[in-house]
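Peer 1: Protein chains in written order, with full-length UniProt numbering: chain A, 1 to 122; chain B, 1 to 293.
No false leads were slipped in.
Pairs of lysine-lysine, DSBU-like flavour, derived with a Cα cap of 30 Å:
| no. | chain 1 | residue 1 | chain 2 | residue 2 |
| --- | --- | --- | --- | --- |
| 1 | A | 14 | A | 47 |
| 2 | A | 32 | A | 58 |
| 3 | B | 143 | A | 47 |
| 4 | B | 267 | B | 288 |
| 5 | A | 47 | A | 28 |
| 6 | A | 14 | B | 143 |
| 7 | A | 58 | A | 28 |
| 8 | B | 133 | A | 14 |
| 9 | A | 32 | B | 24 |
| 10 | B | 143 | B | 133 |
| 11 | B | 288 | B | 259 |
| 12 | A | 47 | A | 32 |
I should point out that these hints are in silico values taken from the structure, not numbers from a laboratory.
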Amino acid sequence: MRLLTHNMLSSNIKGVSSGFPLRIEVEKVVEKQVEMNADFLRNMFPKIEWKAFAYAAKALGYSDLPEEADSSQLNSQDFLQKFHHALLELHLEEGVLICPETGRRFPVNRGIPNMLLHEDEV
Amino acid sequence: MKMAARPELQAPPEIFYDEAEARKYTSSSRIIEIQANLSERALELLALSDDGVPRLLLDIGCGSGLSGETLSGNGHHWIGLDISQAMLNVALEREIEGDLLLGDMGQGLGLRPGVIDGAISISAVQWLCNADKSSHEPRLRLKAFFGSLYRCLARGAKAVLQVYPENLSQRQLIVSSAMRAGFAGGMVVDFPHSSKSRKEYLVLTCGPPSLSAAALPKAKGEGESCSDDDSSGDEEAQVVSVSDRHRPKKRQKLNKKVKGREWVLRKKEQMRRKGNIIPPDTKYTGRKRKARF
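Only chain A is shown next, with the shape it has when bound in the complex (with noise of 0.2 Å):
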């Protein structure tokens, strides 16, 4: 699972008013390589809550972003490089993700996040 689908995902279940964003715990990351396309980058940045892109960047061990970020920064070719990096070839490829407001834990296996809730979670 990569970061940007990290900050989009958020805790689905009954009764949680904000359920994003989900902590994180780490077990292996992976990394890999991707072509950058600052078009994508720049269409994307309105979308990212930044905080918590920076929280879970730092939880996967990437601590070069910085914790507050404007649109402006978007022509610092050094400033894409390292939005590209943490978004899409960071990898969570085993761990956890929790829901801040209950600590109900949804395993990541393969990288993939298992988001299946139980039937009185619905």
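Given chain A's structure and the hints, the job is docking chain B onto it.
Peer 2: Relative to chain A, chain B alone:
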């Protein structure tokens, strides 16, 4: 040929799509081709603006990632959701480029509001019409699905859901659930006159009416004759309408093989020489039967 039974009637999706079924999605070139065509058409109906910017798309019921491959092929990033672990395992083997989630669309999509640029779904949504567990209520599951889909899509984004509704009431249930969630749009039916290549796409637009005022895209194979379509399904539909009296050729062929009066007379003569009792030759011998016979 007997049509294969609907998978929806056999078992819940997470059980039906087991290892063996999932294997078909890598080994059968027929299934792969059908899936590729469906997702190609769904992407076309999604009508993303043609500026070359990759989008973040959602593939609901992504299965083994065949439809995702089409999305990747067009340069888009995607997140796939499926309920079958076996299918997702196949997707991992295929080294697809999107991210995968194990989840049940009937429980709603756990995604932040307004972040997805478009969604496709190939042959998945009709599963929601089934109640596979005692806790399942199709109406509520459809409501949860369409509601969460509406929320996670960006304003003006589209969702194209290819569905196989079993009957009219399932179709109505699916469409009305979508409308109730706030979507605008409707069904686009490709090849409506063919039983095999007929495909239904629910094309939905998310957002204020001004954005969704654009008419539905035109369906394929509608109106004009289906004969120029190369798929075999249309021939099948045409044969049905041909009435018997327009098939004279078969009769003529049969007549040619019938032996004539001369042959009958010769045979009778042979039998007489053998000493058998044979009726006399008359004007009726070896006579051709009337057409109405």
